[in-house]
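Student: The sequence shown runs contiguously to residue 276 in numbering that gives the first Met the number 0.
Just so you know, these hints were derived from the structure itself, not from any lab. Warning: the hint list may mix true and false statements.
[Said to hold, decoys possible] The list that follows gives simulated cross-link-like pairs (lysine-lysine, DSSO-like), each with its CA atoms no further than 30 Å apart: (1) K93 x K144; (2) K67 x K144; (3) K151 x K163; (4) K117 x K93; (5) K148 x K67; (6) K88 x K188; (7) K77 x K34; (8) K117 x K67; (9) K144 x K117; (10) K144 x K34; (11) K93 x K254; (12) K163 x K117; (13) K254 x K198; (14) K117 x K148; (15) K78 x K163; (16) K67 x K188; (17) K88 x K77; (18) K243 x K198; (19) K191 x K88; (20) K78 x K93; (21) K198 x K88; (22) K191 x K151; (23) K34 x K93; (24) K77 x K144; (25) K254 x K46; (26) K34 x K198; (27) K254 x K144.
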Amino acid sequence: MKLKIFGVLFLLILGVACTQISGDNELLDEQLLEKIMQVNENINSMKFDMTSEIAIQGSDQNMDMSLKATGMIDRAAKKISIIGEAEIKNQDLKMPLETYADGEWIYTKSMDQWIKIKMEEDLFENQDQAKYFADFLKDGEVNFKEVTKDEKEYYFAEIIPDEKVLTSFIKKNNQLPQGNISEIIDSFKNFKLVYYIDKDNYMIDFVDTSYDMSFQNITMSSMQTLNMYDINQPANIVIPDEAKQNAVDFEEFQKNMMALQQAEIVVEGNENIQLTN
Numbered sequence: 000m001k002l003k004i005f006g007v008l009f010l011l012i013l014g015v016a017c018t019q020i021s022g023d024n025e026l027l028d029e030q031l032l033e034k035i036m037q038v039n040e041n042i043n044s045m046k047f048d049m050t051s052e053i054a055i056q057g058s059d060q061n062m063d064m065s066l067k068a069t070g071m072i073d074r075a076a077k078k079i080s081i082i083g084e085a086e087i088k089n090q091d092l093k094m095p096l097e098t099y100a101d102g103e104w105i106y107t108k109s110m111d112q113w114i115k116i117k118m119e120e121d122l123f124e125n126q127d128q129a130k131y132f133a134d135f136l137k138d139g140e141v142n143f144k145e146v147t148k149d150e151k152e153y154y155f156a157e158i159i160p161d162e163k164v165l166t167s168f169i170k171k172n173n174q175l176p177q178g179n180i181s182e183i184i185d186s187f188k189n190f191k192l193v194y195y196i197d198k199d200n201y202m203i204d205f206v207d208t209s210y211d212m213s214f215q216n217i218t219m220s221s222m223q224t225l226n227m228y229d230i231n232q233p234a235n236i237v238i239p240d241e242a243k244q245n246a247v248d249f250e251e252f253q254k255n256m257m258a259l260q261q262a263e264i265v266v267e268g269n270e271n272i273q274l275t276n
């Protein structure tokens, strides 16, 4: 179960011309869409705050988890940093989160062990919110209207993406082995995105994501909020030397975890035999 939970956590550490529009159809005209696209394209750096609420149900254990993290992206330097904390509420357990990327490797720290995974896709080329907005809007089911959030006026775009567009998005933004990605894609249900677009400057400030999934005998419901700011401002990202020097390959880490898990099962089995004797 621990290995499966780590797989789900790694997926998280590592996560919009429109049709079927409801709400005020006249708001989202070609001129407004063009302004939104122009402002949000070619973003080279940004900072963000991320919060997640996750409910996980497994065959032998249930978890209510929350994640809070801050991060930076520097597309020009090909660097990403994410630092925060995960809390398993029903077990009173807190775990630090620390993840970096440098264009070649993703480094993440789990259970006091640095792990690295080779980047198969250029993750930095995929950090283009304007492209996502256009892609998700195309052929998606959209509700577009004006709202007030935190005393600011926003355009609100609630989107249920087209299945093919969503599949492409997941493939481009995950660095897990291809077989795992195929399983993950098949497991997603009820995927929904909400964009909050500043009415004054047309910048995408917030993105809310919610979905359900069933993966390797685990069912999960997730709600995530991403707040983006300091757009195109200097981002000082330093990848720790210990991550580069001490990280083990993700596949090797998986093998070690499976061996440890099997050893625990053997020990528990021997203890049960001794008790019965």
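Student: Now tell me, hint by hint, if it's right for this structure.
Tutor: Against the structure, the hints come out as follows:
no. : hint        : result
1   : K93 x K144  : violated (39 Å)
2   : K67 x K144  : holds (29 Å)
3   : K151 x K163 : violated (34 Å)
4   : K117 x K93  : holds (28 Å)
5   : K148 x K67  : holds (20 Å)
6   : K88 x K188  : holds (24 Å)
7   : K77 x K34   : holds (27 Å)
8   : K117 x K67  : holds (25 Å)
9   : K144 x K117 : violated (41 Å)
10  : K144 x K34  : holds (16 Å)
11  : K93 x K254  : holds (25 Å)
12  : K163 x K117 : holds (25 Å)
13  : K254 x K198 : violated (50 Å)
14  : K117 x K148 : violated (39 Å)
15  : K78 x K163  : holds (29 Å)
16  : K67 x K188  : holds (24 Å)
17  : K88 x K77   : violated (35 Å)
18  : K243 x K198 : violated (43 Å)
19  : K191 x K88  : holds (25 Å)
20  : K78 x K93   : holds (26 Å)
21  : K198 x K88  : violated (37 Å)
22  : K191 x K151 : holds (23 Å)
23  : K34 x K93   : violated (42 Å)
24  : K77 x K144  : violated (35 Å)
25  : K254 x K46  : violated (35 Å)
26  : K34 x K198  : holds (11 Å)
27  : K254 x K144 : violated (49 Å)
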